[in-house]
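If you're matching them up, the sequences are chains D and C in order.
Sequential numbering of the first sequence, starting at 1, is according to my numbering.
Sequential numbering of the second sequence, starting at 1, is according to my numbering.
Hints in this document: simulated from the structure, not taken from any laboratory.
Every residue, glycine too, gets a C-beta built ideally from N, C-alpha and C.
It is possible that some hints are incorrect.
Straight line, CA to CA, 25 Å or less: simulated DSS-like cross-link-like pairs of lysine-lysine [to be verified]: (1) C/LYS30 - C/LYS81; (2) D/LYS172 - D/LYS187; (3) D/LYS196 - C/LYS95; (4) C/LYS52 - D/LYS196; (5) C/LYS139 - C/LYS81; (6) C/LYS52 - C/LYS95.
To be clear about the criterion: a stretch of chain D counts as covered by chain C if any three or more of its residues have a C-beta under 8 Å from a C-beta of chain C, and this derived list gives those stretches [to be verified]: (7) 68 to 75; (8) 79 to 87; (9) 116 to 123; (10) 165 to 171.
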Amino acid sequence: MATNKMFKNNFIQNKKTRDFACSTKQKKEKFSLHPTPRNRSGAEEIMSMYWLAILFIAAGGIVGMVLIFYGNPYDVRDIEASLLVDKIADCVSYGGKINDLIISDGKTGEFSFSNCHLNFSPEEDEYFYKVSIYQLEDLENYFFETRGGNLNLEASYSINEYSENLPVGTEKSFYSLDNAGNQYIIKILGIIRKTKQNV
Amino acid sequence: MRWIIKNKKAHVQLLSAFPKNRKGAELLQKYVIFIVLNLIFMSVLLFFISSKINGVSVLEESYSKNIALLIDASTPIMEMKLNMGDAFDLVEKNKISRDEIVKIENNSVIVKLSATSGYTYNFFNDVDVTAYADIYPSKNYLIKINGYK
Numbered sequence: 001m002a003t004n005k006m007f008k009n010n011f012i013q014n015k016k017t018r019d020f021a022c023s024t025k026q027k028k029e030k031f032s033l034h035p036t037p038r039n040r041s042g043a044e045e046i047m048s049m050y051w052l053a054i055l056f057i058a059a060g061g062i063v064g065m066v067l068i069f070y071g072n073p074y075d076v077r078d079i080e081a082s083l084l085v086d087k088i089a090d091c092v093s094y095g096g097k098i099n100d101l102i103i104s105d106g107k108t109g110e111f112s113f114s115n116c117h118l119n120f121s122p123e124e125d126e127y128f129y130k131v132s133i134y135q136l137e138d139l140e141n142y143f144f145e146t147r148g149g150n151l152n153l154e155a156s157y158s159i160n161e162y163s164e165n166l167p168v169g170t171e172k173s174f175y176s177l178d179n180a181g182n183q184y185i186i187k188i189l190g191i192i193r194k195t196k197q198n199v
Numbered sequence: 001m002r003w004i005i006k007n008k009k010a011h012v013q014l015l016s017a018f019p020k021n022r023k024g025a026e027l028l029q030k031y032v033i034f035i036v037l038n039l040i041f042m043s044v045l046l047f048f049i050s051s052k053i054n055g056v057s058v059l060e061e062s063y064s065k066n067i068a069l070l071i072d073a074s075t076p077i078m079e080m081k082l083n084m085g086d087a088f089d090l091v092e093k094n095k096i097s098r099d100e101i102v103k104i105e106n107n108s109v110i111v112k113l114s115a116t117s118g119y120t121y122n123f124f125n126d127v128d129v130t131a132y133a134d135i136y137p138s139k140n141y142l143i144k145i146n147g148y149k
């Protein structure tokens, strides 16, 4: 309290300081004696402005979050790639037996994937699939392999790396037999790009 | 009114009912304006959020992708019923026929919920599909897989 009084007295006595800080008489009095506002309604106005500013910031945040969430399209490529792999799997092997047109009596045949009822026509560049069939004795060298769709997608896809802008893919493998009872492992990779519609 | 002016007691009572304190009245007015502005602000915000959530573009996209994925997962002679209640409500507002909501052409599903918009998503299953709205009170859409092309 004592220091406060001393400060006030010094401030009033120091004419130079007072004249420098204030130009009018009214201002001098206000500034020298009451540095904090006495006027309650003024303070309330400042508070209401402060409240409005907070309101605008909060509303801006909510609007931003809603725009980010609903502005982005639903990414269904993962499901689509899985469906593509399932569809090809049904075509390659059904009921645990490999399609006779692909492998029969341990020998590869002539098989076209057009028989699998796949039609990529309006967006042929957006799909890719690879079917690799391995004999159970040799899992390093494939016995039969075929690719379809946009072959460039295989290079830009990586199983371990997920990025929205990269194509999304699914790989599934399962066990199957041919008509002679030979055992095989079938690996199917399906990749979907469609970044414009999903990212 | 005349009775009030003539009757002194009633006149005094009427005057005392209103605040004499001008400052208080001003303060009250300020608070009322502030609360009203806040309510307007909040209602605009809620309207914006609800319009985004139930917006035409969001529904079109979700229905289009849903139907395309259903077709991809299907096999011939399947019949699927998809509840499209939200779409029917929107279409009634936008004055579009129920049968025009979903169109399937060249392996593409086109969903249209207003005259100016529309969303297309492609499917890879090479099947012959027909889609049509169920009979009136029902809010389902029927998707029929007729066979392979």
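Verification of the hints:
In summary, the hint linking C/LYS30 to C/LYS81 is not supported, as the alpha carbons are separated by about 56 Å, beyond the 25 Å threshold. Simply put, D/LYS172 and D/LYS187 have alpha-carbon atoms about 6 Å apart, close enough for the 25 Å limit, and the pair holds. For the suggested pair D/LYS196 and C/LYS95, the alpha carbons sit about 30 Å apart, so the restraint of at most 25 Å is broken. For the hint linking C/LYS52 to D/LYS196, the alpha-carbon distance of about 21 Å falls within 25 Å, and the restraint holds.
For the hint pairing C/LYS139 with C/LYS81, the CA-to-CA distance comes to about 10 Å; that is within 25 Å, so the pair holds. Restraint check for C/LYS52 and C/LYS95: satisfied, since their Cα atoms lie roughly 20 Å apart, inside the 25 Å limit. Counting residues of the region 68 to 75 of chain D whose C-beta lies closer than 8 Å to any C-beta of chain C gives 3; at least three are required, and the coverage claim holds. For the region 79 to 87 of chain D, the stated coverage by chain C holds: 6 residues have a C-beta nearer than 8 Å to a C-beta of that chain, and at least 3 were required.
Only residues whose beta carbon comes within less than 8 Å of a beta carbon in chain C count, and the region 116 to 123 of chain D has 7; three or more means the coverage holds. Closer than 8 Å: that is the beta-carbon criterion, and the region 165 to 171 of chain D has 0 residues meeting it against chain C, so the requirement of 3 is violated.
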